[in-house]
Amino acid sequence: MLAQLLRRDLAQFFPFTGSGAALPVVFFVAVAMLFPFAVGPDANLLARTGGGVVWIAALLAAILPLEKLVARDIDLGFFDQLKLRGLAEEAMMAVRLIAHWLSFGPPLVLATLPAAALLKIEGETLQILAVGLLVGTPGLAAIGLIIAALTASLRAGAALSGLLLIPLALPILIFGAGALARQDQISLGFVAAISLALVAIAPFAAGAAIRAAREN
Amino acid sequence: MQAPSPALSVHDLACRRGERLLFRRLSFALEPGAACHVTGANGAGKTTLIRALAGLMTPYAGEVRREGALGLLDERSGLDPDLPLGRALAFWFAVDAGNAPQAIMARLRLEALAEVPVRYLSTGQKKRAAFARLLGQAAQVWLLDEPLSGLDTASQGLVSELVREHCAQRGIALIASHQPLDVPGMTHLAIEDYAPSDEAEA
Numbered sequence: 051m052l053a054q055l056l057r058r059d060l061a062q063f064f065p066f067t068g069s070g071a072a073l074p075v076v077f078f079v080a081v082a083m084l085f086p087f088a089v090g091p092d093a094n095l096l097a098r099t100g101g102g103v104v105w106i107a108a109l110l111a112a113i114l115p116l117e118k119l120v121a122r123d124i125d126l127g128f129f130d131q132l133k134l135r136g137l138a139e140e141a142m143m144a145v146r147l148i149a150h151w152l153s154f155g156p157p158l159v160l161a162t163l164p165a166a167a168l169l170k171i172e173g174e175t176l177q178i179l180a181v182g183l184l185v186g187t188p189g190l191a192a193i194g195l196i197i198a199a200l201t202a203s204l205r206a207g208a209a210l211s212g213l214l215l216i217p218l219a220l221p222i223l224i225f226g227a228g229a230l231a232r233q234d235q236i237s238l239g240f241v242a243a244i245s246l247a248l249v250a251i252a253p254f255a256a257g258a259a260i261r262a263a264r265e266n
Numbered sequence: 438m439q440a441p442s443p444a445l446s447v448h449d450l451a452c453r454r455g456e457r458l459l460f461r462r463l464s465f466a467l468e469p470g471a472a473c474h475v476t477g478a479n480g481a482g483k484t485t486l487i488r489a490l491a492g493l494m495t496p497y498a499g500e501v502r503r504e505g506a507l508g509l510l511d512e513r514s515g516l517d518p519d520l521p522l523g524r525a526l527a528f529w530f531a532v533d534a535g536n537a538p539q540a541i542m543a544r545l546r547l548e549a550l551a552e553v554p555v556r557y558l559s560t561g562q563k564k565r566a567a568f569a570r571l572l573g574q575a576a577q578v579w580l581l582d583e584p585l586s587g588l589d590t591a592s593q594g595l596v597s598e599l600v601r602e603h604c605a606q607r608g609i610a611l612i613a614s615h616q617p618l619d620v621p622g623m624t625h626l627a628i629e630d631y632a633p634s635d636e637a638e639a
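Chains V and S supply the protein sequences, listed in that same order. To convert, count from 1 in the first sequence and add 50; that's our numbering. To convert, count from 1 in the second sequence and add 437; that's our numbering.
Among the hints, erroneous ones may be present.
EDC-like, lysine to aspartate or glutamate: derived pairs with alpha carbons at most 20 angstroms apart [unchecked claim]: (1) V:Lys118 to V:Asp130; (2) S:Lys563 to S:Asp589; (3) S:Lys563 to V:Asp130; (4) V:Lys118 to S:Asp519; (5) S:Lys563 to S:Glu548; (6) S:Lys563 to V:Glu140; (7) S:Lys563 to S:Asp519; (8) S:Lys563 to S:Glu512; (9) S:Lys563 to S:Glu552.
In short, the hints are calculated from the structure, not lab data. Fair warning: this is a prediction, and the values are worked out from it, not measured in the lab.
Could you put the whole structure together from the sequences, leaning on the hints where they help?
Pasting the structure below:
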C-alpha cells in the first residue's frame, strides 16, 4: 500500500506531471534572474552575495507548494479512507514527506546550475551551494509538511504557513548561507544535522496534526 | 468474504460536536447480514455517529466494537479531482487489490466516464464512483452516509440492490439517509430518540 501511495503522491506533486507543481522551481530561477537586474552586473558583488540570494529563493520556493500539500487531501477524505484501511497517519505523512522532497529538492538543486550562472557563482562556491541545498532541502520539506498539516484546518492556512516557515527555517538558512561565506564543510554538517532531526520529527508531528484536524 | 464474521456494536455511546451533546445512551448491536437505517434531522448527529463508528472521531463516552474491514462512503469521495475517473479509481482498486474493477465499473455504469476528470462529474456520478471504490474494497461492514443524495431513481434502486446483496453475503450495513431504502429486514434507528432531554442540558 505504501508503494502505491508514494507513486500517487509523486504523480500529484512532481513538476510537470502534477497540478502546477513546476511553479516553485520556476519561481526559484526567476528570483535568481531578477537579482542581477536589481544590483547591476558587477561580477564581484554578484559572486559575493549571490549564494545568499539562492538560499533565500530556495526558502521562499519551499513555501509555494504548502497550500496543496495536506489540506486538499483532508478535504477529499483521502486520509480518512487510508485510515480505514489500517494505515497510520505517521506512515501517510512519511510517504508525503518523501514525495514532497523529491518533487522540490532535487529539481531545485538542478535549477541551481542556471541560477549560479546568472549570479556568477563558480567553482568551489557552487559546489558548497549545491551540496548545502541538497542536505538543506529535506529540512525545509519537513518544516513545510509540519506547517501544512498544522494549518490544514484553518481557512487562512496558506498565508499563515509562509509566516510560520520563515522563523523555523532560520537555522538552516544561517548555516547553509554561512558555509558559503566561510567556504567550510563544517557548517554543511550542521545543516545536515538539522535536516535529519526535522525529517525524523516531521511524520509524527504532521501525523498528530491531521489526527487532531479530523476530530472537528 | 471468508474472514471471521463481522460485527458492529456500540454500548452507551455519546457524541459531541463542539460543545453540543448530540446523542447519548445509544446502544445497538448488528449481526452479520443486518442492515440498519439511521434517520434524523439535519444536524442530529448521523454523520458524527458514522465517523465515531469508523474510528475517525473519538466518542465523548461509551464504546464501539467492530469486527471486519470497514468501508466508508460519505460526501467526500477520496478521488483525486484532477485525474480521469478511471485512474482515480485505479489507485483505490490497486490499494485494495480489488476484485474485477471492470465488472464494478460496468455495474455502476461508469465505463463511459473513465476518461472524464473527476471534477467534471455531476454529484450523482461522483456518488456512483464512490460506490465503485466501496465495492472494490470488499469490506464487510459498510457505513453509508447519505448514499442516495444526488442519485437518480434508477441509481437509487441500484443502491438498494447493492445493500441487499451485501447483506446476503453476511455483510453489515449501517445507512444514514433521509430517503427510504428497499432492503427487507432492515432495522430502523431514529437518532432523535437519543437526543439529550432539555432539562439534562440545562
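TODO: Run the structure past the numbered hints and jot down the numbers of the failing ones, going up.
DONE: Structure breaks hint 6 only.
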